[in-house]
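Protein sequences appear in the order of chains H and X. Okay, so the first sequence: first residue is 2 according to the numbering used here, each after it adds one. Okay, so the second sequence: first residue is 2 according to the numbering used here, each after it adds one.
Certain hints may be false.
Any copy will do: because identical chains look the same in the list, a pair fits if it lies in one copy or spans two.
Straight-line Cα separation of at most 16 Å, EDC-like style, residue types lysine to aspartate or glutamate; simulated pairs [to be verified]: (1) 124 - 223; (2) 233 - 191; (3) 124 - 257; (4) 107 - 316.
Since the hints were made in silico from the structure, they are not lab data.
Protein chains: 2
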Amino acid sequence: MEFAQDSDNTLSASLHGERFSVSYLLRGPEDEARAMATDICFEQTVEFPGDLVPVGPIREDIVGHIEAFEPAGSNRFRATISYAVETVQEDLVQFLNVVYGNISIKPGIRVEHFELPESITSKYRGPRFGRAGLRSLLGQAERPLSCTALKPMGLSPRELAEQAYQFALGGIDIVKDDHGIADQVFCPFEERVERCVQAVAAANAKTGFRSIYMPNVTARMDRMQSLARRAKELGAGALLLCPALTGIDALRVLADDDDIGLPLMAHPSFGGTLVTSKESGMEHGALYGTLMRLAGADASVYPNFGGRFSFTREECADIARATDERLGSLRPSFPAPGGGMTPSRIAEMLGVYGRNFILLIGAGLHTGGVDLAANARRVVELLGAV
Amino acid sequence: MEFAQDSDNTLSASLHGERFSVSYLLRGPEDEARAMATDICFEQTVEFPGDLVPVGPIREDIVGHIEAFEPAGSNRFRATISYAVETVQEDLVQFLNVVYGNISIKPGIRVEHFELPESITSKYRGPRFGRAGLRSLLGQAERPLSCTALKPMGLSPRELAEQAYQFALGGIDIVKDDHGIADQVFCPFEERVERCVQAVAAANAKTGFRSIYMPNVTARMDRMQSLARRAKELGAGALLLCPALTGIDALRVLADDDDIGLPLMAHPSFGGTLVTSKESGMEHGALYGTLMRLAGADASVYPNFGGRFSFTREECADIARATDERLGSLRPSFPAPGGGMTPSRIAEMLGVYGRNFILLIGAGLHTGGVDLAANARRVVELLGAV
Chain H
2 MEFAQDSDNT LSASLHGERF SVSYLLRGPE DEARAMATDI CFEQTVEFPG DLVPVGPIRE
62 DIVGHIEAFE PAGSNRFRAT ISYAVETVQE DLVQFLNVVY GNISIKPGIR VEHFELPESI
122 TSKYRGPRFG RAGLRSLLGQ AERPLSCTAL KPMGLSPREL AEQAYQFALG GIDIVKDDHG
182 IADQVFCPFE ERVERCVQAV AAANAKTGFR SIYMPNVTAR MDRMQSLARR AKELGAGALL
242 LCPALTGIDA LRVLADDDDI GLPLMAHPSF GGTLVTSKES GMEHGALYGT LMRLAGADAS
302 VYPNFGGRFS FTREECADIA RATDERLGSL RPSFPAPGGG MTPSRIAEML GVYGRNFILL
362 IGAGLHTGGV DLAANARRVV ELLGAV
Chain X
2 MEFAQDSDNT LSASLHGERF SVSYLLRGPE DEARAMATDI CFEQTVEFPG DLVPVGPIRE
62 DIVGHIEAFE PAGSNRFRAT ISYAVETVQE DLVQFLNVVY GNISIKPGIR VEHFELPESI
122 TSKYRGPRFG RAGLRSLLGQ AERPLSCTAL KPMGLSPREL AEQAYQFALG GIDIVKDDHG
182 IADQVFCPFE ERVERCVQAV AAANAKTGFR SIYMPNVTAR MDRMQSLARR AKELGAGALL
242 LCPALTGIDA LRVLADDDDI GLPLMAHPSF GGTLVTSKES GMEHGALYGT LMRLAGADAS
302 VYPNFGGRFS FTREECADIA RATDERLGSL RPSFPAPGGG MTPSRIAEML GVYGRNFILL
362 IGAGLHTGGV DLAANARRVV ELLGAV
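Could you put the whole structure together from the sequences, leaning on the hints where they help?
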């Protein structure tokens with residue numbers, strides 16, 4: 002048989018010695034946890050039993066390295082494992098494949114944290130606006146930002162636009178679609194965006210604020226980006242995406258698209274099992290903070306502690322930390338806690354997050370009376386009283 | 002303010018009364034499980050407290066309906082909840098958003114099964130080849146099919162092609178990339194596909210078999226489809242994708258692409274937490290069977306019981322059932338159990354799966370001696386001895 006001409010690259014020549022590392026939390030007694038750490042090194046790379054891996058650069062460089070191993074609480078250990086940068090290239094999908102591909106199916110392994118060299122982080126734009134850019138866009142330099150969701154599903158574009166008008170009139174910074182509102186026959190995307198953009202602009206003309214409308218562009222892969230571009234053309238101020246539904250790389254695609262160039266908010270729909278099992282998946286900060294930021298989210302939605310979901314205060318603080326820690330030269334993003342928030346929770350949130358968060362308040366704006374603008378105004382005032 | 006002209010559609014006129022239903026397994030005593038079922042109806046649709054939902058069609062039709070509620074084992078209940086078809090339209094992403102969006106973050110809720118009307122299933126092509134088509138393509142009418150993975154990561158295209166040649170020479174039906182092999186600098190996609198296609202063709206010319214090479218096209222969203230089309234041009238016989246990494250809709254995009262038109266195999270990388278928590282996520286059959294089939298997988302890879310992962314025999318049988326149960330007029334797909342399989346497991350697998358499965362055997366073909374073709378031949382003979 003004849004083979005095509007060989008590539009000039011040998012493995013050794015391809016590898017430049019740079020590695021990224023991932024800390025994993027491993028459940029079990031020490032001997033089992035050590036065995037799990039070794040298993041990860043092989044499972045996530047060569048997927049071969051150790052004795053079958055050829056000696057040389059594959060065994061030396063492609064197989065993961067255990068860089069550190071230490072206790073991390075009761076019956077738990079932390080293994081820091083490094084991988085060659087060339088195994089993942091500039092591909093976020095392949096990055097997650099190496100970080101947590103097959104081992105996602107092996108219980109007891111949880112991704113805690115990433116350490117990424119410049120050669121990886123520089124491949125990502127990250128948040129196009131970030132905290133400072135979003136504040137500047139909204140003309141809010143100091144106080145926590147406010148965001149609400151147009152709902153319930155089933156309302157027409159006209160009805161949602163009337164809501165949007167009231168919320169913007171009350172000074173809500175970001176008026177977004179509820180994440181379940183898509184391109185349904187009873188609420189077509191194009192008509193909704195057109196009406197809501199007009200409504201928010203009309204309110205801004207009265208108030209002098211710079212509120213923005215943020216449509217949900219979570220959709221089929223072959224429509225997502227065109228919905229986003231159309232939203233931009235129609236004057237949307239930002240975009241909402243559920244990366245666990247679309248694939249996280251959809252967020253990066255939007256972030257990289259200079260024809261769009263809008264702030265992006267990531268919503269956690271469908272991705273819950275990645276964090277809710279305490280012994281598998283990823284730590285809250287790694288997922289909602291680091292990963293969403295790497296993919297380009299300017300803001301990352303998650304359920305706040307004490308709402309109708311089950312995150313703890315510590316897990317939420319971990320997310321907020323990760324939105325702001327050093328990640329190459331990527332901009333910090335906004336944590337956007339929500340899920341059953343009410344005006345009475347604001348003081349406590351200020352205590353945990355300081356002023357750098359986006360309060361996501363939905364139904365809580367409908368419960369203070371029928372005047373949505375007045376309800377919104379009270380919340381914005383509370384946020385401003387820092 | 003001026004609003005754009007209103008749409009002609011009212012909600013009532015938009016809804017046609019057709020619903021799809023999802024059975025959920027709920028953890029807890031009965032009163033808590035009943036409350037969870039009610040909560041799902043609201044959380045997954047209007048995301049509004051019940052008292053805020055307007056009377057009329059939103060409350061009647063958009064909010065989920067509890068169709069049935071019954072015990073499902075110790076401290077567990079099954080709630081069957083229906084949703085209006087119009088909430089999800091023909092969008093797989095939005096379907097998952099409604100089925101398991103926000104509630105993925107609420108522990109104790111597990112998707113068990115889908116009941117989909119023709120108005121939904123008819124929107125999906127499903128497996129383009131299915132069991133019969135894949136058997137016909139491979140010229141294997143009777144016995145279980147065989148599949149192996151080229152590995153380890155780090156080998157060059159030439160080295161992987163030499164493996165591919167040996168495996169095809171031994172009669173392995175599907176020679177696929179290991180799922181970690183991407184478009185790395187040490188193993189460029191284009192060169193690899195070219196070489197492996199040639200190698201398998203050369204082996205086929207000797208054996209008379211119709212083995213195929215199946216490259217991995219899991220990649221950045223903006224490259225995935227072009228890699229797949231290029232693979233087709235270069236003569237690849239099928240494609241491998243990891244839908245939990247790319248977003249499940251990427252699979253549907255490939256399945257719908259008539260310029261590609263190749264069999265598709267889904268790999269479970271990164272999606273493990275959706276099944277491994279017994280009290281959240283999805284049942285194995287719903288995820289690896291029904292959903293992958295809906296998205297267009299001709300074969301669905303998962304870890305077989307008794308391998309190096311933790312699935313039980315019953316969970317695996319559930320997957321096999323779901324690949325073949327009625328799902329509109331969609332073709333049945335192949336279960337492709339793997340993960341630490343060896344020739345000695347084949348008899349047991351035949352007992353559980355019958356002849357309609359794809360044996361995925363990787364490292365197990367490297368352990369019988371240095372002659373890979375001979376190792377492969379032994380496995381194929383065992384499969385043929387049904």
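>> Within, between, both or neither: how does the pair residue 107, residue 316 come out at a Cα-Cα threshold of 16 Å?
In response: Between copies, since 15 Å is at most 16 Å while 23 Å is not.
>> Within a copy, between copies, both or neither: which one fits residue 124 and residue 223 at a CA-CA cutoff of 16 Å?
In response: Close across copies (15 Å), not inside one copy (24 Å); limit 16 Å.
>> Regarding residue 124 and residue 257, is the shortest C-alpha distance of 16 Å or less found within a copy, between copies, in both, or in neither?
In response: This pair counts as within: shortest intra-copy Cα distance 11 Å, inter-copy 31 Å.
> Is the C-alpha distance from residue 233 to residue 191 at most 16 Å within one copy, between copies, in both cases, or in neither?
Replying inline: within (11 Å within a copy, 36 Å between copies)
The structure meets every hint from the earlier list without exception.
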